[in-house]
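A.B. asks: Each chain, written out:
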Amino acid sequence: MSKEIIKKAGREFEKEILPDGTVTVTLLPEKQMEKSEKEVKKKTEEEKK
Amino acid sequence: MSNSVSYGKRGYLAFKKETTAGAAVYPDTFAEFLETTLPNPWNIAKTNTVQGNRSLNTRSYIGAYEPAELEVSLPAEPTISGHLLNGCFGDETASTLATGIYQHDFQPQNTQDSYTLDFAVGGEDYITRYFGCRISKLALAINDNRADWTVGFMAQRWFVNARLTVAIATGTTLTLDQTSGITTSDTIQVLDADNQDTVLATYTLSAVPTETTLTTVETIAVSLAVGDVVVIKRNASPSYTALGSEFIFTGGAEISVGTSTNPVDNTTATSDMTNFSCEFTNNLEAENAATGNDVVDRMPSRINLLGFDVSDITLSHLHANPDFVDALRSKDSLGLRIKFLGDALASNAAAAASLTIETDGIGTASVTVDATGEAGNDYNLTIVGGGAALAAALSGKNITLTLDAVAANNTTTLVAAAIHALTGVACASTGSDLVTTADNTDMTSPLKKNFSGGRDASEKTMLRIDIPNAKLQPIELPISDGLITEELKFTSDHDRAGQGTGNLSSMAKVRLRNATATY
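Protein sequences appear in the order of chains A and B. The letter at position 17 of the first sequence is residue 17 when you use this note's numbering, and the numbering goes up by one with no holes. The letter at position 61 of the second sequence is residue 110 when you use this note's numbering, and the numbering goes up by one with no holes.
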């Protein structure tokens with residue numbers, strides 16, 4: 001089984017290949033990305049202060 | 050009128066699809082056939098009285114006539130087979146692959162076409178006509194390596210001959226006891242009732258005004274008596290359809306079996322099947338009603354179409370391992386496919402199969418299989434709504450597109466991106482729109498659709514039979530001094546997930562490729 005994150009059309013997808021050969025590509029939530037980006041930004045600003 | 054002894058080789062079979070069921074048309078397609086019998090079901094019933102006479106057959110009367118049931122066997126080849134499949138399954142879906150190259154898809158429909166059939170017997174100048182004919186059975190079997198059809202017809206009505214009921218020596222009106230079955234394209238002969246080798250007159254027709262009168266083009270110029278016999282003259286120069294080569298089994302066919310989800314789309318070629326047969330049946334019921342007192346009113350007034358079945362599906366091979374017994378034990382659904390390839394049809398290049406996910410015409414997502422070839426048409430895409438996230442999955446040749454419960458995440462762009470990231474397919478989007486389950490109304494329930502347009506290079510004529518949901522029947526292994534031949538018998542289930550409009554099509558699908566545009 002293998003997993004990888006791929007970026008397409010401005011969004012992130014998780015691609016998973018199962019042992020039987022089934023391939024699944026799932027769109028990752030956009031909100032999480034925004035949230036994590038905001039958190040990083042906030043932390044950086046706090047560190048600057 | 051010839052008085053030579055009848056000889057089968059000089060006869061013919063001609064047929065034509067009717068516009069109105071039970072209303073004869075003039076057959077103009079001629080087919081070669083191997084064997085048939087011509088029924089004459091003029092039923093004479095008996096009244097067995099219990100007193101006055103010891104005879105058990107004291108009085109006879111005219112019974113209700115059963116429908117005429119015929120069986121015709123003929124070689125399976127690419128041209129005439131289309132007529133038979135159209136008659137058995139209902140109207141085809143025809144598509145043009147290239148100029149002069151056509152594909153015909155047959156699935157059981159809820160309506161059935163009727164046909165007029167003419168049989169001429171060698172040595173006779175006239176024909177027997179059966180009309181309102183429905184195909185009750187279409188069976189394919191391998192006979193000395195050749196694939197043969199056996200076709201069962203149920204004929205609502207028939208015309209063998211009629212009798213004049215009014216003497217006439219002039220004018221243009223013949224009065225007789227049956228005109229049903231005669232068309233204005235026919236030529237009729239009037240035979241002497243006392244010597245039916247003698248032709249008294251031959252007429253073409255301008256009209257068939259009633260059930261008991263005919264209008265001739267030529268003026269009647271001989272004396273015709275009551276009881277003289279009217280027959281339909283045979284076609285003097287039958288023009289046979291150009292036939293393709295017969296489909297053959299060894300050296301011309303491939304059998305493959307699928308075991309996974311959508312098994313007929315995911316088959317694997319077998320190398321050890323030594324025989325195949327299957328039979329498509331339409332249960333038909335003739336109805337005799339009180340419609341009048343002419344001869345034709347004694348025949349069935351209609352034929353009702355009842356159930357459809359695929360039966361007598363058999364495959365034979367030498368027993369090597371318990372795989373089929375295991376499938377039987379677990380009631381697995383198997384996909385069976387037999388593909389006959391025939392003559393060279395085109396010198397085309399190979400093409401890749403594709404599928405466009407419709408989105409109201411505003412935006413599309415088009416999926417294309419990476420590899421070119423006909424096998425790409427087995428790829429299928431199912432749309433599922435209400436998922437936790439937009440996702441595309443590929444297992445074998447099955448693509449499942451799960452739409453996000455949040456509609457905004459199902460844009461054509463994102464759908465195309467997800468599918469494109471799978472293996473073996475590419476997907477491109479146009480426009481900007483949301484993909485919804487409701488958009489894809491052309492997909493059968495569940496929302497599944499096969500790819501199309503995949504072509505092998507240099508295509509040949511083809512007859513392909515798919516049994517998508519075959520269920521094994523109990524297997525007996527005949528142990529004796531020799532190799533063990535396993536005869537596998539199947540029934541065809543309809544797909545329960547496709548209850549409703551799609552369920553019949555899941556029982557059998559037949560694809561024919563040839564140079565004939567439509568049937």
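Errors might be hidden in some of the hints.
[Claimed, not checked] Taking lysine to any residue pairs in the SDA-like style, the calculated list, with each CA pair at most 25 Å apart, reads:
#1 A:K3 with B:S444
#2 A:K8 with B:V455
#3 A:K3 with B:N244
#4 A:K3 with B:T310
#5 A:K15 with B:N315
#6 A:K15 with B:M322
#7 A:K8 with B:T310
#8 A:K7 with B:R351
#9 A:K8 with B:N458
#10 A:K3 with B:G473
#11 B:K65 with B:N89
#12 A:K8 with B:G293
#13 A:K15 with B:N89
#14 B:K66 with B:G293
#15 A:K7 with B:T310
#16 A:K3 with B:N447
#17 A:K7 with B:A456
#18 B:K498 with A:D20
#19 A:K7 with B:N315
#20 A:K15 with B:S481
#21 A:K15 with B:K66
#22 A:K7 with B:G473
#23 A:K8 with B:S403
#24 A:K7 with B:V455
#25 A:K3 with B:A437
#26 A:K7 with B:A437
#27 A:K7 with B:G293
#28 A:K3 with B:G139
#29 A:K15 with B:V433
#30 A:K7 with B:K65
#31 A:K15 with B:G293
#32 A:K7 with B:T413
#33 A:K15 with B:K65
#34 A:K7 with B:G436
#35 A:K8 with B:N89
#36 A:K8 with B:T449
#37 A:K3 with B:G435
#38 A:K8 with B:K66
#39 A:K15 with B:T462
#40 A:K8 with B:D154
Simulated from the structure, these hints should not be mistaken for lab results.
A.B. asks: State for each hint whether it applies.
C.D. replies: Here's how the hints hold up against the structure:
The hinted pair formed by A:K3 and B:S444 meets the criterion: a straight-line CA distance of about 16 Å does not exceed 25 Å. A threshold of 25 Å between alpha carbons decides the hint, and for A:K8 with B:V455 the separation of about 19 Å falls inside it, so the pair holds. In summary, the hint linking A:K3 to B:N244 is not supported, as the alpha carbons are separated by about 91 Å, beyond the 25 Å threshold. The suggested pairing of A:K3 with B:T310 holds, with an alpha-carbon distance near 24 Å, which does not exceed 25 Å.
Taking the CA atoms of A:K15 and B:N315, the gap is about 23 Å. The hint holds against a cut of 25 Å. Distance hint between A:K15 and B:M322 is unfulfilled; the C-alpha atoms sit about 40 Å from each other, more than 25 Å. Our distance criterion of 25 Å between C-alpha atoms is broken by A:K8 and B:T310, whose separation comes to about 29 Å. Proximity of A:K7 to B:R351 is assessed by CA-CA distance (about 65 Å); at most 25 Å being required, the pair is judged violated.
Taking the CA atoms of A:K8 and B:N458, the gap is near 14 Å; set against the 25 Å cutoff, the hint holds. Distance restraint check for A:K3 and B:G473: the Cα-Cα separation of roughly 18 Å lies within the 25 Å cut-off, and the hinted pair is therefore satisfied. For a cut-off of 25 Å, the pair hint linking B:K65 to B:N89 stands: about 21 Å separates their Cα positions. Taking the CA atoms of A:K8 and B:G293, the gap is near 51 Å; set against the 25 Å cutoff, the hint is violated.
For the suggested pair A:K15 and B:N89, the alpha carbons sit about 69 Å apart, so the restraint of at most 25 Å is broken. With a C-alpha separation of about 21 Å, the suggested pair B:K66 and B:G293 falls inside the 25 Å cut-off, and the hint holds. Using a Cα cut-off of 25 Å, the hinted pair A:K7 and B:T310 is violated, with the two alpha carbons roughly 30 Å apart. For a cut-off of 25 Å, the pair hint linking A:K3 to B:N447 stands: about 20 Å separates their Cα positions.
Taking the CA atoms of A:K7 and B:A456, the gap is about 20 Å. The hint holds against a cut of 25 Å. Using a Cα cut-off of 25 Å, the hinted pair B:K498 and A:D20 holds, with the two alpha carbons roughly 23 Å apart. A threshold of 25 Å between alpha carbons decides the hint, and for A:K7 with B:N315 the separation of about 31 Å lies outside it, so the pair is violated. A hinted pair counts as satisfied when its Cα atoms are at most 25 Å apart, and A:K15 with B:S481 qualifies at roughly 24 Å.
Distance check on the hinted pair: A:K15 and B:K66 sit about 54 Å apart at the alpha-carbon level, beyond 25 Å; violated. Restraint check for A:K7 and B:G473: satisfied, since their Cα atoms lie roughly 19 Å apart, inside the 25 Å limit. Pair hint A:K8 plus B:S403 holds up; C-alpha atoms about 21 Å apart against a cutoff of 25 Å. The suggested pairing of A:K7 with B:V455 holds, with an alpha-carbon distance near 20 Å, which does not exceed 25 Å.
In summary, the hint linking A:K3 to B:A437 is supported, as the alpha carbons are separated by about 19 Å, within the 25 Å threshold. Distance restraint check for A:K7 and B:A437: the Cα-Cα separation of roughly 19 Å lies within the 25 Å cut-off, and the hinted pair is therefore satisfied. Our distance criterion of 25 Å between C-alpha atoms is broken by A:K7 and B:G293, whose separation comes to about 53 Å. Restraint check for A:K3 and B:G139: the C-alpha separation of about 49 Å exceeds 25 Å, so the hint is violated.
Pair hint A:K15 plus B:V433 holds up; C-alpha atoms about 19 Å apart against a cutoff of 25 Å. Under the criterion of a C-alpha separation no larger than 25 Å, the hint pairing A:K7 with B:K65 is inconsistent with the structure, at around 60 Å. A C-alpha spacing of about 49 Å is found between A:K15 and B:G293, which places the hinted pair above 25 Å, so the restraint is violated. Taken as a hint, the A:K7 and B:T413 pair is honoured in the structure, with Cα atoms around 21 Å apart against an allowance of 25 Å.
This hinted pair does not check out: A:K15 and B:K65 have alpha carbons roughly 56 Å apart, beyond 25 Å. Straight-line distance between C-alpha atoms of A:K7 and B:G436 comes to about 21 Å, which keeps the hinted pair within the 25 Å bound. Restraint check: the Cα-Cα separation between A:K8 and B:N89 comes to about 73 Å, which exceeds 25 Å; the hinted pair is violated. Proposed proximity of A:K8 and B:T449 is supported: the alpha carbons are some 19 Å apart, at most 25 Å.
Using a Cα cut-off of 25 Å, the hinted pair A:K3 and B:G435 holds, with the two alpha carbons roughly 24 Å apart. With a C-alpha separation of about 55 Å, the suggested pair A:K8 and B:K66 falls outside the 25 Å cut-off, and the hint is violated. About 17 Å separates the Cα atoms of A:K15 and B:T462, which keeps this hinted pair within 25 Å; it holds. Between A:K8 and B:D154, the direct Cα distance comes to roughly 38 Å. Violation of the 25 Å bound is thereby established for this hinted pair.
Checked against the numbered hints above, the structure violates hints 3, 6, 7, 8, 12, 13, 15, 19, 21, 27, 28, 30, 31, 33, 35, 38 and 40; every other hint is satisfied.
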